[in-house]
Amino acid sequence: MFSSPLYPYTGQFHEQAGGHRMHYLDEGPSDAQPVVMVHGNPTWSFYYRRLVEDLKPDFRCLVPDHIGMGLSDRPDDASYDYTLSQRLEDLGHWLDAVEPNRPVDLIVHDWGGAIGLSWAVRNIERVRRVVILNTWAFNIPPDEHLPRSLRFARTRLGSFLIQRFNAFSGLAVRMATERKLDREVARAMTGPYRQGVDSRLATLRFVQDIPLSPEDPAWDVLAETERRLPLLADKPVLFQWGAKDFVFDDRVLDIWREKLPGKPIRYYADAGHYVLEDAHESIVPAVRAWLTEAD
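Residues in the sequence shown are numbered consecutively from 11, following the numbering used here.
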């Protein structure tokens, strides 16, 4: 089991319907307003550590690791369906167990946006506030293309390098930030995926699950999410956006402006894809202020 002095938490485990254990953090008073933070690929709950530390005196911080990632179980393809629809089901199953009654605040990033916002628009009465870090929750427009790095990751050679040599997680800590990560931070970010070939299956399957056409399994899930996004119009939604993201760039932000017009955007010109690493000094207090505003 991976450990780091930067991650001084004793996590909990939730058993999913298929029997696999989802690891999650549950920090802060159990009766406080719940804040659910959903990570993407190839990060894990460690990504949200600074928000957890700041918010846990006054909020219940609930931060899951997706199955196959972080400190959760590592099933093989025969026993787990590594698809967006399964991720959505997992998130709902866990939330039904840990916070079945109270509306939650939701913070999402990367694939966590597709998963968390897909859950949110299907359970809109269970959502209080939303913070969106560089992510998407709609299908790629016909005139857009995957970044070159993601296209390569879906090739046979790219797939081999991801699973055999931890290429996706390893390269992400170099490419996803504008400031160089401290050695211990980079080590912790990639740590759960340095435990052998099986520890990296989920990072590969996430890349392969990006829908490029209606024939891909995740396409219909995101199409339905996109159709329901207007349900978020009546909710307080705050964008925290890194301008130098090599995946979710300004073109994606422009789509968000069309989908959710008028929502406040904090734009960080010198932050990359791991926006919470590059701009945490600004983002953490801004999120706290946003969550504590009167409804």
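Hints listed in this document are in silico derivations from the structure and should not be mistaken for laboratory results. We put the CB at the ideal spot given by N, CA and C, even for glycine. Careful, some of the hints might be misleading.
If you anchor each label on the Cβ, the simulated ranges turn out as follows [what the hints assert, rightly or not]:
{"no.": "1", "residue 1": "Ser-292", "residue 2": "Arg-112", "range": "35 to 43 angstroms"}
{"no.": "2", "residue 1": "Asp-64", "residue 2": "Arg-261", "range": "27 to 35 angstroms"}
{"no.": "3", "residue 1": "Pro-151", "residue 2": "Asp-280", "range": "37 to 45 angstroms"}
{"no.": "4", "residue 1": "Pro-295", "residue 2": "Arg-204", "range": "17 to 25 angstroms"}
{"no.": "5", "residue 1": "Thr-302", "residue 2": "Tyr-277", "range": "16 to 24 angstroms"}
{"no.": "6", "residue 1": "Pro-39", "residue 2": "Pro-152", "range": "41 to 49 angstroms"}
Under the rule of at most 20 angstroms between Cα atoms (straight-line distance), these lysine to any residue pairs were calculated in the SDA-like manner [as the list claims (entries may be wrong)]:
{"no.": "7", "residue 1": "Lys-273", "residue 2": "Arg-298"}
{"no.": "8", "residue 1": "Lys-273", "residue 2": "Asp-226"}
{"no.": "9", "residue 1": "Lys-273", "residue 2": "Asp-260"}
{"no.": "10", "residue 1": "Lys-245", "residue 2": "Phe-148"}
{"no.": "11", "residue 1": "Lys-273", "residue 2": "Phe-256"}
{"no.": "12", "residue 1": "Lys-269", "residue 2": "Asp-244"}
{"no.": "13", "residue 1": "Lys-66", "residue 2": "Gly-38"}
{"no.": "14", "residue 1": "Lys-245", "residue 2": "Arg-298"}
{"no.": "15", "residue 1": "Lys-254", "residue 2": "Arg-189"}
{"no.": "16", "residue 1": "Lys-273", "residue 2": "Pro-295"}
{"no.": "17", "residue 1": "Lys-273", "residue 2": "Ser-223"}
{"no.": "18", "residue 1": "Lys-245", "residue 2": "Pro-151"}
{"no.": "19", "residue 1": "Lys-190", "residue 2": "Val-257"}
{"no.": "20", "residue 1": "Lys-66", "residue 2": "Asp-36"}
{"no.": "21", "residue 1": "Lys-66", "residue 2": "Tyr-19"}
{"no.": "22", "residue 1": "Lys-273", "residue 2": "Pro-246"}
{"no.": "23", "residue 1": "Lys-245", "residue 2": "Lys-190"}
{"no.": "24", "residue 1": "Lys-245", "residue 2": "Gly-272"}
{"no.": "25", "residue 1": "Lys-273", "residue 2": "Ser-292"}
{"no.": "26", "residue 1": "Lys-245", "residue 2": "Thr-302"}
{"no.": "27", "residue 1": "Lys-66", "residue 2": "Val-108"}
{"no.": "28", "residue 1": "Lys-66", "residue 2": "Tyr-277"}
{"no.": "29", "residue 1": "Lys-66", "residue 2": "Asp-244"}
{"no.": "30", "residue 1": "Lys-269", "residue 2": "Pro-151"}
{"no.": "31", "residue 1": "Lys-273", "residue 2": "Trp-300"}
{"no.": "32", "residue 1": "Lys-66", "residue 2": "Glu-25"}
{"no.": "33", "residue 1": "Lys-66", "residue 2": "Glu-109"}
{"no.": "34", "residue 1": "Lys-190", "residue 2": "Glu-303"}
{"no.": "35", "residue 1": "Lys-273", "residue 2": "Phe-148"}
{"no.": "36", "residue 1": "Lys-254", "residue 2": "Thr-302"}
{"no.": "37", "residue 1": "Lys-66", "residue 2": "Arg-298"}
{"no.": "38", "residue 1": "Lys-273", "residue 2": "Glu-303"}
{"no.": "39", "residue 1": "Lys-269", "residue 2": "Ala-299"}
{"no.": "40", "residue 1": "Lys-254", "residue 2": "His-290"}
- Numbers of the earlier hints that this structure fails to satisfy, in rising order: 1, 3, 4, 8, 11, 17, 18, 23, 28, 29, 32, 34, 36, 39
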